[in-house]
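Asker: Fit chain B with the ligands to the known structure of chain A by using the hints.
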Amino acid sequence: MATLGRLDWYDIARTTNWTPKYVQEDELFPPEMSGSMGLPLSAWETYDEPYKQTYPEYVKVQREKDAGAYSVKAALERSKMFENADPGWLSVMKAHYGAIARAEYSASTAEARMVRFGKAPGMRNMATLGMMDEIRHGQIQLYFPHEHCSKDRQFDWAHKAYDTNEWGAIAARHMFDDMMTTRSAVGVALMLTFAFETGFTNMQFLGLAADAAEAGDWTFSNLISSIQTDESRHAQIGGPLVSLLVANGKKAEAQKMVDIAIWRAWKLFSVLTGPIMDYYTPLEHRKQSFKEFMQEWIVTQFERALIDLGLDKPWYWDQFMAEIDTQHHGMHLGVWFWRPTVWWNPAAGVTPEEREWLEEKYPGWNATWGKCWDVITDNLLAGKRELSYPETLPVVCNMCQLPINTTPGPAWKVRDHALDYKGRTYHFCSDGCQWCFEQEPERYAGHLSLIDRFLAGMIQPMNLGGGLQYMGLAPGEIGDDAHNYAWVEKVRAVREKAKAA
Amino acid sequence: MSEVEVLKPLKTWSHLAKNRRKPSEYEIVSANLLYNTRDPNAPYELDPDMSMNRWYKKYRDGGPFQHDDWNAFRDPDELVYRTYNMVQDGQETYVFGLFDQFNEREHDKALEPTWGGTLARLYTPGRYLFHTLQMASAYVQQMSPASTITNCAAFQAADSLRWMSHAAYRAKELSLTFPDKGFGTGERTYWENDPAWQGFRELMEKVLIAWDWGEAFVALNLVAKPAVEEAVLRKLGQSARHNGDTLLGMLTDAQLLDADRHRRWATALVKMALGKAGNAEAIKGWITKWEPLADKAIDAFCAALSDVPNAAADAKAATRAFRRTLGF
Ligand SMILES: [Fe+2]
Ligand SMILES: [Fe+2]
Numbered sequence: 001m002a003t004l005g006r007l008d009w010y011d012i013a014r015t016t017n018w019t020p021k022y023v024q025e026d027e028l029f030p031p032e033m034s035g036s037m038g039l040p041l042s043a044w045e046t047y048d049e050p051y052k053q054t055y056p057e058y059v060k061v062q063r064e065k066d067a068g069a070y071s072v073k074a075a076l077e078r079s080k081m082f083e084n085a086d087p088g089w090l091s092v093m094k095a096h097y098g099a100i101a102r103a104e105y106s107a108s109t110a111e112a113r114m115v116r117f118g119k120a121p122g123m124r125n126m127a128t129l130g131m132m133d134e135i136r137h138g139q140i141q142l143y144f145p146h147e148h149c150s151k152d153r154q155f156d157w158a159h160k161a162y163d164t165n166e167w168g169a170i171a172a173r174h175m176f177d178d179m180m181t182t183r184s185a186v187g188v189a190l191m192l193t194f195a196f197e198t199g200f201t202n203m204q205f206l207g208l209a210a211d212a213a214e215a216g217d218w219t220f221s222n223l224i225s226s227i228q229t230d231e232s233r234h235a236q237i238g239g240p241l242v243s244l245l246v247a248n249g250k251k252a253e254a255q256k257m258v259d260i261a262i263w264r265a266w267k268l269f270s271v272l273t274g275p276i277m278d279y280y281t282p283l284e285h286r287k288q289s290f291k292e293f294m295q296e297w298i299v300t301q302f303e304r305a306l307i308d309l310g311l312d313k314p315w316y317w318d319q320f321m322a323e324i325d326t327q328h329h330g331m332h333l334g335v336w337f338w339r340p341t342v343w344w345n346p347a348a349g350v351t352p353e354e355r356e357w358l359e360e361k362y363p364g365w366n367a368t369w370g371k372c373w374d375v376i377t378d379n380l381l382a383g384k385r386e387l388s389y390p391e392t393l394p395v396v397c398n399m400c401q402l403p404i405n406t407t408p409g410p411a412w413k414v415r416d417h418a419l420d421y422k423g424r425t426y427h428f429c430s431d432g433c434q435w436c437f438e439q440e441p442e443r444y445a446g447h448l449s450l451i452d453r454f455l456a457g458m459i460q461p462m463n464l465g466g467g468l469q470y471m472g473l474a475p476g477e478i479g480d481d482a483h484n485y486a487w488v489e490k491v492r493a494v495r496e497k498a499k500a501a
Numbered sequence: 001m002s003e004v005e006v007l008k009p010l011k012t013w014s015h016l017a018k019n020r021r022k023p024s025e026y027e028i029v030s031a032n033l034l035y036n037t038r039d040p041n042a043p044y045e046l047d048p049d050m051s052m053n054r055w056y057k058k059y060r061d062g063g064p065f066q067h068d069d070w071n072a073f074r075d076p077d078e079l080v081y082r083t084y085n086m087v088q089d090g091q092e093t094y095v096f097g098l099f100d101q102f103n104e105r106e107h108d109k110a111l112e113p114t115w116g117g118t119l120a121r122l123y124t125p126g127r128y129l130f131h132t133l134q135m136a137s138a139y140v141q142q143m144s145p146a147s148t149i150t151n152c153a154a155f156q157a158a159d160s161l162r163w164m165s166h167a168a169y170r171a172k173e174l175s176l177t178f179p180d181k182g183f184g185t186g187e188r189t190y191w192e193n194d195p196a197w198q199g200f201r202e203l204m205e206k207v208l209i210a211w212d213w214g215e216a217f218v219a220l221n222l223v224a225k226p227a228v229e230e231a232v233l234r235k236l237g238q239s240a241r242h243n244g245d246t247l248l249g250m251l252t253d254a255q256l257l258d259a260d261r262h263r264r265w266a267t268a269l270v271k272m273a274l275g276k277a278g279n280a281e282a283i284k285g286w287i288t289k290w291e292p293l294a295d296k297a298i299d300a301f302c303a304a305l306s307d308v309p310n311a312a313a314d315a316k317a318a319t320r321a322f323r324r325t326l327g328f
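Going line by line, the protein sequences match chains A and B.
All the letters of the first sequence, read from the start, carry residue numbers 1 to 501 under the numbering used here.
All the letters of the second sequence, read from the start, carry residue numbers 1 to 328 under the numbering used here.
Isolated chain A, as found in the complex (with noise of 0.2 Å):
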C-alpha cells in the first residue's frame, strides 16, 4: 500500500488549537457557549477520543450504511407490512417517529454547538461527525415513515409534532431543549453524548430493534439498529470529557449536569419507550419488558459507565430504581386515558394474558394499576365507553411536563411537589423534577405548562375541545383505542367462560 494508514496522520488532524491573537481566547470561545469552567488551552489538549473515525473513512461507511438501509426498505415495500401489522405496532411506529425524528434533527444543532465551541480539537472533529450523522438520523426517520402518509393521517405527525403545542411534543421539546439544544459544548457533550445516547438511545434503538425483528418488521429493525451505530460512535464524545473533568477538578460540575440528563430522560422515557414496549408492541413480540430493558441498559451498563470514569451514582437512584418498576404503567394510563390528546392511537395492552404478563413482570400490577383497568374495562363492557373519555385536561409537572401520577392502591402517595419562587408557585411530580429546577431556576420559570397556558385563559374554550384545537389535534388524526376495543370482547368471553364454569 501507498497510503498512509489511519492512525499515522490521526493526530496531526486533530492538533488545530492556536492561540488566538486579533481577538480574546474568551471571545473567541465565550465561556457561556463553551461551558469552559476556567480550565486552559492545554488541558482541553488532552481530550482524547476512544472512538477514531477519519473524513473518508466517515463518507465510505456512511454511504454503505445508508445503501444497506434504503435497499433493505425497497425491497420490503411490497411486502404489506404496513396492511399486515398489529395497530399496536403501527402505534410504535408512530410515537417513535413523532417523537424522535424532528428531536435528532435538531441534535445536528447540539453538535455543531461542540463543532464551533467546543476547545478540545478531538472533539470538534468527532462532533462534525456527529452533527452529520444526526442530519441522517432526522432525515432517514422522515423517510421512511413518509411513505405510510398516504395511508393513515396519523403519519403526518413524524414530521408535524414538533411544530405543534401537543403536550408530549412540548413536555419532548422541553427536554431535549434543556439538555442539548441550550447548552454550552461541555453541556453538549455530557448531558446529550454521554448521559443520553451513552445511556438512553441504546435502550430506544436497540431494545426496540429487538421487538421489530421479533414483530417481523425488518425494515425498522434494521433501520434504527443503524442509527445506533452512529450513536455508539458519536456518544463517546462524552466520556473523555468527564474523565478530563474529574481530573482537573470539576467532578461537581460533571455530575451534576449528568444527573440533570438522566434524570430528564427517565421521564420522557417513561411516556414514551415504557408504553410502546409493555402494552402497544403486541404480547408475542415482546423480547423483554422494559424494566428489564431499563436494567440491561441503564443499571448494568450505563451505571457501570459512571463509576468507570470517576463520576457517582445520581443522589436519586434509590428513587429512580423505585420508579422503573412503576411510573411508566400511570404514564400509560394517562396516555390511554387521554389518548384524543396524542397522534397516535394506544393499545389499551390488558387482555387476561396481558395482564397475566403485567402481573408475572410487575408482581402488584393487578392490585394497583389492575385496578384502574378494571373500572376503565368494566365500563367498556357496560357500553358505557362516554364515561372512559377526558373532560379536561391533566395536571402536569413544571419540569417534565408529564401528567403528575403515582402508583394507586393502598400505597398511593401522591405528593404534590410544590415550589415558591420569585412569586409563582410551581408543581413537579417527583423530587427529582423539583431538583432539577432548583440547580438553575432561571432556565425554567419563565416557561409556561400547558396548564400553566390554560388557567392564563390562552387555550380557548376552556375545554377539551379548546386544548384539542390548541393542540393541532382534529377528527382524523385524534388518538383513539388501537384495536378499536376488540380487546374488550376478549376480556368478556373470558368472564363468561369463567362464570359458566
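Treat the hints loosely; a few may be bogus.
Unchecked claim - Examples of chain A residues toward chain B, derived with CB under 10 Å:
| hint | residue |
| --- | --- |
| 1 | Tyr55 |
| 2 | Met114 |
| 3 | His417 |
| 4 | Ala418 |
Claimed, not checked - With a straight-line Cα cutoff of 20 Å, these simulated SDA-like cross-link-like pairs (lysine to any residue) come out:
| hint | chain 1 | residue 1 | chain 2 | residue 2 |
| --- | --- | --- | --- | --- |
| 5 | A | Lys361 | A | Val299 |
| 6 | A | Lys21 | B | Lys296 |
| 7 | B | Lys206 | B | Asp194 |
| 8 | A | Lys256 | A | Lys313 |
| 9 | B | Lys18 | A | Gly472 |
| 10 | A | Lys490 | A | Arg385 |
| 11 | B | Lys276 | B | Asp295 |
| 12 | A | Lys490 | A | Asn379 |
| 13 | B | Lys57 | A | Glu442 |
| 14 | B | Lys296 | A | Lys256 |
| 15 | B | Lys172 | A | Leu7 |
| 16 | A | Lys21 | B | Gln198 |
| 17 | B | Lys22 | A | Lys313 |
| 18 | B | Lys8 | A | Pro475 |
| 19 | A | Lys65 | B | Leu79 |
| 20 | B | Lys206 | A | Gly472 |
| 21 | A | Lys151 | B | Gln198 |
| 22 | A | Lys21 | B | Asp194 |
| 23 | B | Lys58 | A | Glu442 |
| 24 | A | Lys60 | B | Arg82 |
| 25 | A | Lys60 | B | Tyr94 |
| 26 | A | Lys287 | A | Glu360 |
| 27 | A | Lys73 | B | Arg82 |
| 28 | B | Lys206 | A | Val23 |
| 29 | B | Lys276 | B | Pro292 |
| 30 | A | Lys21 | B | Glu205 |
| 31 | B | Lys181 | A | Asp11 |
| 32 | A | Lys52 | B | Phe96 |
| 33 | B | Lys296 | B | Pro309 |
Stated by the list, open to error - Under 7 Å between C-beta atoms, here's a sample of chain B residues computed to sit facing chain A:
| hint | residue |
| --- | --- |
| 34 | Lys11 |
| 35 | Ala157 |
| 36 | Glu202 |
Just so you know, these hints were derived from the structure itself, not from any lab.
Every residue gets a Cβ at the ideal spot worked out from N, C-alpha and C, and that includes glycine.
Answerer: What follows is chain B with the ligands alone, placed relative to chain A:
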C-alpha cells in the same frame, strides 16, 4: 363533533401538501425541520429569557438580515445526507487514488527541497485555516433560520474538515521525505508567526466572532471563503504546478469543486434574500466591512508566492467577480 371535518390521509406531509406537486426526496427530508423558529418569544421550549434564548433572539432574529419565509430556501444541488456521502465518497476515492499513485511514483522525492520548505510554510499550516472554516460553518449551521440552510452549512463544515484532513495527511507523508522541514510539528508556529498567514489568521479569528447570523454568513461565504479559495487553493495550486508538484495542483482542483458548490448555495440564498427590502443594504454593509481584511489576507499570503505573477491582484479580482455575480 358531528359537523367537524374529519381529516383524510394526504400524499405527503401536510406542510408540503399545499404545493400540489409531488415532493422530491430532498423536500420530504429537508424542508421545515427546525422547530426553534416557531415561537419568536422563545426559540427553545424553556424560559424565554434564559441565556441561549437571548442569544438566538439577539443574533438570529434581531439582526438586519430578515426574510418572511426562510423555509422557502432550496439548495440548488438538493443534497441530502445520503447523496452527500455518495458524492464525497467518490471524491475521496479519487483524492486517495491520487495520493496512492503519486506515492507509488515517488512524487515527493522528485520535489526540490526548497519547494518542500514552501509546502511546510504555505500549505500544511493551512490545516489551521481550514479548521477555522469548519468552526465558522458550524456556527452558521446552528444559527440559520431554516433547515434547508442549516444543511448546506453542515455539509460545508464537513467539507472543511475534508480539506483540513488532506493537509494533515500530506503533512505526515511529506515528513517522510523531508524530515528536517518541520512537517507535522511546525505548522502552528507558521500559522501563529509567519507574515504570510497573519492576514488570514486575523480575518478568521474575527469572522469567528461575528455573532449575528446574517453577518456570519456574509463574512464567511461571500468574503472570507472566496479569499481562502482563490489564494490558498487556486493560487497555491498554480504555484505548485510551477514547481513540479502536480499532486497539490490536482488536490486543490478537487477541493475547489466543494468550494463551487458552497458558492452555489450562497448565491441562491443571497438571491432569495434580495427579494426583501433592507437585505441588499445589510449585505453591502458587511461586504464593505470585511473586504479590506480579506484583501489584506490575500496580499500577505500571495506575497509569498513569488513565482505566480499577479497572484494577489488575480485572487482579489476573482473574489470580486464572484460577488459581482450576486449584484455586489
Ligand atoms: Fe441520533
Ligand atoms: Fe416531572
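Asker: Now look at each hint and say whether the structure bears it out.
Answerer: Hint check:
no.: 1; hint: Tyr55; result: 5 Å, holds
no.: 2; hint: Met114; result: 8 Å, holds
no.: 3; hint: His417; result: 19 Å, violated
no.: 4; hint: Ala418; result: 19 Å, violated
no.: 5; hint: A/Lys361 / A/Val299; result: 17 Å, holds
no.: 6; hint: A/Lys21 / B/Lys296; result: 16 Å, holds
no.: 7; hint: B/Lys206 / B/Asp194; result: 18 Å, holds
no.: 8; hint: A/Lys256 / A/Lys313; result: 11 Å, holds
no.: 9; hint: B/Lys18 / A/Gly472; result: 17 Å, holds
no.: 10; hint: A/Lys490 / A/Arg385; result: 16 Å, holds
no.: 11; hint: B/Lys276 / B/Asp295; result: 29 Å, violated
no.: 12; hint: A/Lys490 / A/Asn379; result: 15 Å, holds
no.: 13; hint: B/Lys57 / A/Glu442; result: 17 Å, holds
no.: 14; hint: B/Lys296 / A/Lys256; result: 47 Å, violated
no.: 15; hint: B/Lys172 / A/Leu7; result: 10 Å, holds
no.: 16; hint: A/Lys21 / B/Gln198; result: 10 Å, holds
no.: 17; hint: B/Lys22 / A/Lys313; result: 52 Å, violated
no.: 18; hint: B/Lys8 / A/Pro475; result: 9 Å, holds
no.: 19; hint: A/Lys65 / B/Leu79; result: 17 Å, holds
no.: 20; hint: B/Lys206 / A/Gly472; result: 44 Å, violated
no.: 21; hint: A/Lys151 / B/Gln198; result: 60 Å, violated
no.: 22; hint: A/Lys21 / B/Asp194; result: 13 Å, holds
no.: 23; hint: B/Lys58 / A/Glu442; result: 18 Å, holds
no.: 24; hint: A/Lys60 / B/Arg82; result: 11 Å, holds
no.: 25; hint: A/Lys60 / B/Tyr94; result: 12 Å, holds
no.: 26; hint: A/Lys287 / A/Glu360; result: 14 Å, holds
no.: 27; hint: A/Lys73 / B/Arg82; result: 14 Å, holds
no.: 28; hint: B/Lys206 / A/Val23; result: 7 Å, holds
no.: 29; hint: B/Lys276 / B/Pro292; result: 27 Å, violated
no.: 30; hint: A/Lys21 / B/Glu205; result: 8 Å, holds
no.: 31; hint: B/Lys181 / A/Asp11; result: 18 Å, holds
no.: 32; hint: A/Lys52 / B/Phe96; result: 19 Å, holds
no.: 33; hint: B/Lys296 / B/Pro309; result: 18 Å, holds
no.: 34; hint: Lys11; result: 5 Å, holds
no.: 35; hint: Ala157; result: 6 Å, holds
no.: 36; hint: Glu202; result: 4 Å, holds
Of the numbered hints stated above, those contradicted by the structure are hints 3, 4, 11, 14, 17, 20, 21 and 29, listed in ascending order.
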